[in-house]
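Based on the sequences and whatever the hints tell you, model everything.
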Amino acid sequence: MSLTAIRSTDQIKVEARQAQKDGGPYRCPGCGEGLTLKKGRVVTHHFAHRPPLTCAWGLGESAEHLEAKMAIHDALRADPAVTEVRLEAPVGDVAVADVLARIRGQWVAIEVQRSDLTAEQVARRTANCHALGVHVLWVALACPGLAGDRYSPRTWEKWLHFACYGRVYYWSHGQVVVPYHFDEHTLYVEPRHWFDRGDLRYGGGYERRSSRWRTPLQGRPAVISSHFQARRCPARRTKTMAVPACSLYIDRHPAWWTAAATV
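For the sequence shown, my numbering assigns the number 1 to the initial residue and increments by one for each residue that follows.
There may be inaccurate statements among the hints.
[Stated by the list, open to error] When the alpha-carbon atoms are kept at most 20 Å apart in a straight line, the in silico SDA-like pairs for lysine to any residue are as follows:
| # | residue 1 | residue 2 |
| --- | --- | --- |
| 1 | Lys39 | His49 |
| 2 | Lys239 | Tyr165 |
| 3 | Lys158 | Lys239 |
| 4 | Lys13 | Gly23 |
| 5 | Lys13 | Asp74 |
| 6 | Lys239 | Pro153 |
| 7 | Lys39 | Arg27 |
| 8 | Lys39 | Arg17 |
| 9 | Lys239 | Arg214 |
| 10 | Lys239 | Arg209 |
| 11 | Lys158 | Pro51 |
| 12 | Lys158 | Ala147 |
| 13 | Lys38 | Gly24 |
| 14 | Lys158 | Cys143 |
| 15 | Lys158 | Arg114 |
| 16 | Lys21 | Thr36 |
| 17 | Lys38 | Pro51 |
| 18 | Lys239 | Phe162 |
| 19 | Lys13 | Pro25 |
| 20 | Lys158 | Thr258 |
| 21 | Lys13 | Arg27 |
| 22 | Lys13 | Thr36 |
Read the hints as simulated data drawn from the structure, not as lab findings.
Written as structure tokens, this is what we have:
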């Protein structure tokens, strides 16, 4: 699914919400094949490839994903700090940004993360933007699990958390995102006892750091056009993941998870 298409009659890129079914034919900006305009009272207006054809352009996007990037685009377009904004815009020859905006003179690619993207794909797309001098902001869709006292981050969330210096951004509404920090989570090991060759043994009764769970700590909501700054970051690596040299768009709020931390 995609929100935009090329109108064959005049080669103009149009949005699905503004297009008419009799105004086509419409073509995919990526592969050039024909698209069908889908409109309805419930469904988000969008274009779709005719089955069985599929294309990487818009592949794997849900209705929530379409709603988020349209809302971000519209909010940025109405903001005086944003001089240019494009929906589903190519960034180089290998990627398409959900929203590409010029904010206070800085080009920013805003990517609404799809759940099927791997950490490796996120890293490659981030590196592609860096090579082109474009800063990138990855935004995840809201997850109900963040409301609890423990959360098991997906692999790409762990990557973003490391890349963005201890924060992952989740879309709220318009151009407002909510940052979360994944703090350590401890589990209590219940006391127990058992017999080993006639001897009574004891164990448990202590806390241990969980390898799976993290404690989600919510930060202050942040407005993309107001509370963020462009930041060029060096390549970094741990035993389990690697972040290439990258250009990121990161909020300016102080680290809320510890008074001693600095951004």
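Verification of the hints:
no., hint, in the structure
1, Lys39 <-> His49, "holds, 14 Å"
2, Lys239 <-> Tyr165, "holds, 16 Å"
3, Lys158 <-> Lys239, "holds, 13 Å"
4, Lys13 <-> Gly23, "holds, 12 Å"
5, Lys13 <-> Asp74, "holds, 16 Å"
6, Lys239 <-> Pro153, "holds, 17 Å"
7, Lys39 <-> Arg27, "holds, 16 Å"
8, Lys39 <-> Arg17, "holds, 8 Å"
9, Lys239 <-> Arg214, "holds, 19 Å"
10, Lys239 <-> Arg209, "holds, 18 Å"
11, Lys158 <-> Pro51, "violated, 35 Å"
12, Lys158 <-> Ala147, "holds, 18 Å"
13, Lys38 <-> Gly24, "holds, 12 Å"
14, Lys158 <-> Cys143, "holds, 15 Å"
15, Lys158 <-> Arg114, "holds, 15 Å"
16, Lys21 <-> Thr36, "holds, 8 Å"
17, Lys38 <-> Pro51, "holds, 14 Å"
18, Lys239 <-> Phe162, "holds, 12 Å"
19, Lys13 <-> Pro25, "holds, 12 Å"
20, Lys158 <-> Thr258, "holds, 19 Å"
21, Lys13 <-> Arg27, "holds, 9 Å"
22, Lys13 <-> Thr36, "holds, 15 Å"
Hint 11 from the list above is the single one not met by this structure.
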